[in-house]
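Colleague: These are the residues of each chain, in order.
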Amino acid sequence: MPAPKYWREIPQRYRLEGAKCKGCGQVYFPPRLICSSCKSREFEMVNLQREGELLTYTIIRVPPSQFTDQSPYAIGIVELDRGVKILSQIVDCDLDKLEIGQRMRIEFRKIYSEGEAGIICYGYKCVPV
Amino acid sequence: MREVAIIGVGMNKWGELWYKSLRDIFTESALLAIDDAGVDHIDSMYVGCMSSGLFVGQEHLSSLLADYLGVCPIPSARIESACASGGLALRIGFLDVASGASDIVLVGGVEKMTDVPVEGATFALSTAADQEYEVYSGITFPGLYAMMAQAHMHKYGTTREQLAQVAVKNHHNGSMNPLAQFPQKVTVENVINSVMIADPLRILDCSPITDGAAAVILCPMDIAKKICKKPLVKITGSGNATDTIALHSREDITEIRSTKVAAEKAYKMADKKPEDIDLAEVHDCFTIAEICVIEALGFVEKGKGGKATEGGLTALDGKIPVNTSGGLKSKGHPVGATGIAQVCEIVKQLRGEANDRQVKNAKVGLTQNMGGSGGSSVVHIMEVV
Ligand SMILES: [Zn+2]
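Chains as they are written, first to last, in this note's numbering: chain A, 63 to 191; chain B, 336 to 720.
Excised from the complex, chain B in its bound form (with noise of 0.2 Å):
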């Protein structure tokens, strides 16, 4: 297998986009990719991106976009796995060039949500759990996470305020990302007096719903040493897995098994432990969600993640800082495109680019993604060279 460059990052601001196409906002972000990479052409693309065909009723995506971004008749595939889609197109595109089947590769995600009214969008994101037995018995997604806290705090003794302090963290990095939807702090009392959605969770404890898009160029390393200006990001790990679709299948319901399985396969091929990660973006569609995956990625022991965030150890300035970007809570949660803003913001801050929210002496960074109530789950780790 080739070695692997991210030479390029692009994304644009997120929110409620009323103004702009689901075909625009990608095209720019990729623009914004291709020019940060200086590269004059792409050989291939793929797209993360769950369900245009419910969120706008466009499908054909590898068509559309490749068409709107002037690439035709390059080789285009659009990828879906729920909320992974982004994190899963890049696992595609890296092992499109590690396989040497293609030198420069666009990788994309893009979601447009809020053409829909709310109640559409909430059974667009719905179709990501089962439909036939789950959600036919009246459970949403936050209804879902709501009962993985529910056994977490039952079983681990977390606390509330320990779930509030995750948004808390997340809106404070979110408020130095000039790109996040929803910049604004938040304090544990505005969490815990906020609306109830689903018992324990309520509205600040859920990621928005918002439009917006990401991409990031790719390269095998002997191209990226010749035109690549910036520091150079090598991605040294990559790991994909599943569960059962139901969360009521899953022997323990407060672990998310796929994010395990895929982080251990992208430790083991990255040649790293969990101790020398210096930073990591995961996948806070909501705050317990962040307190089962960093104990699933290994940085706390299973249980511990409540008390460990309390504690400070994955806060900006703390030993593992988690969600710098501000994370998909306040930063926003286009779903298809979750998983490349994930990977923008590492290589931003592997780079050195990350102004008043940079961590310093960052050189090992990585990336979780997942989709559903954890059905699947896709790790990627990055180092600068």
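If we strip away everything but chain A, and leave its shape as in the complex, we get (with noise of 0.2 Å):
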């Protein structure tokens, strides 16, 4: 991965920065420039709420190459408490046991690494409370 590309993601990725619309509240992650509710284009920058439920999951048994290392995982989307939704992979639970409406953290962790003199990513991922 180009490292510019990487690099602008940080703020959301390490640190789960999204934007609250100043005119109508919502929250968006990752930031954008213009409201779709209110077209507001005033923001403030909000840390996203950490926990939240399981929405839905899938459990991923032919995944990208660069994922093929932690096959099969699990990935799901979750609704943060503040409203805001994340799709993330679920970590640290039993395949067998995921359940739709399950509370969940979210983790700082690793998500790939690249080959030879590749970055490693990292990012949040999401475990059972």
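Just so you know, the hints here were simulated from the structure itself, not pulled from any lab data. Check each hint, because a few of them may be wrong.
The calculated DSSO-like cross-link candidates involving lysine-lysine, where the alpha carbons are at most 27 Å apart (straight line), are [claimed, not checked]:
id, chain 1, residue 1, chain 2, residue 2
1, B, K490, A, K159
2, A, K147, B, K608
3, A, K67, A, K172
Both chains come to you apart, so use the hints to assemble them.
Modeller: Next comes the structure, spelled out in structure tokens:
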């Protein structure tokens, strides 16, 4: 991955920085330049809540090549406590025991590593509470 | 706006066509459409193609395909909206004719997916999702649709068997389509015992990787009446709509809102309701997709798609036959070509040329083509006049 492409997303991947619309209060992750609801262009930075509820999930058994060493793994959509939804891997869990509605907590983890001399890519993953 | 007719359709056998190039599979289908229409020239052309750059390392299809079709210097454009590229190309061609800018327009779709290894194809397809906030976490397209399936099963009680019924029906229809990539029939047992890809979706819930193309010829109705020797098929409704690129950003992950909105626009334009539709070709990239789509099109109430499929509503002899061609599941899914192949099937059905899979008294047909996990959709309504 080109370094600038990785670097640009660090505030979101490492610190879960979102943007709260000053017009209507909607929180966006990642931040955007204009609110889809009220069209305001004024935002303030907020950190996302670190807990939420599992809305749906799947177990990936045929992964993209950079994830081969982790397969099979779970991925889900989690609705965080201030209403923002994210997609992330679910780790440190029993793949057979996942359930919609389960409480999840966000942790900072390694996502994957690129081959020789490539960078190690970090980000957020969820673990059952 | 002028009335627009479809006067020619062309499509060749789909599959793993390692012995044919992208330019040749496109040109073959385009020539079939030109011959079917009986026209001696075209005024402009539009080609749907999702990712020739990643699949075969070739961009600039506007020039390449016009060149190899021998029609330079006519205007030509390549249209991209992921897997809805073909459907969107049809809409652009329709608007070109309707506006009066062009008379005879060729609209095609093409994708050559098997020159790269499977991982390469998986990567190219994944670019239809949000690279930074979906794909980065290790999700795949089967994974995204699997999460829709899981949520649909949880919310509405849709069953594993009902998902399988979509594949069984579409492969049954595809067994009567000589152009289909996988014309083999399958049973519910075959589907639910096939290899797991992303729970609960198995390999037989997924559409395949395919090389293929398709093309149609459009012209204004007054010209069509003079030159067309076949039953006249008119495009009476056209709708296009978008939604968030990321599945997780949507309010309801079991609803394909872009399809719902595109369909509302097309119904309104054609002055038709869901119950007026005699048959439809829809985007069954995964079995769950067809279930969500027939709900979004208003063929069934929300949440009842699985049950309706099981009850035979969408079977060849049902009230609204869906995917009489075999759908993406059996016919194949060369992404950019899919939206145009759907139109080829509807035109053949409306003309009464669909042989063993002919739907009786087919007068009004609908096509629904979508990109990614539903970030874009295109719906068309066609009628025989
Ligand atoms: Zn706002």
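Colleague: Determine for every hint whether it applies to the structure shown.
Modeller: Right, here's what the structure says about each hint:
1. Between B:K490 and A:K159 the alpha-carbon distance is near 18 Å, which keeps this suggested pair within the 27 Å criterion.
2. Straight-line distance between C-alpha atoms of A:K147 and B:K608 comes to about 35 Å, which puts the hinted pair past the 27 Å bound.
3. In summary, the hint linking A:K67 to A:K172 is supported, as the alpha carbons are separated by about 17 Å, within the 27 Å threshold.
Hint compliance for this structure: hint 2 alone is broken.
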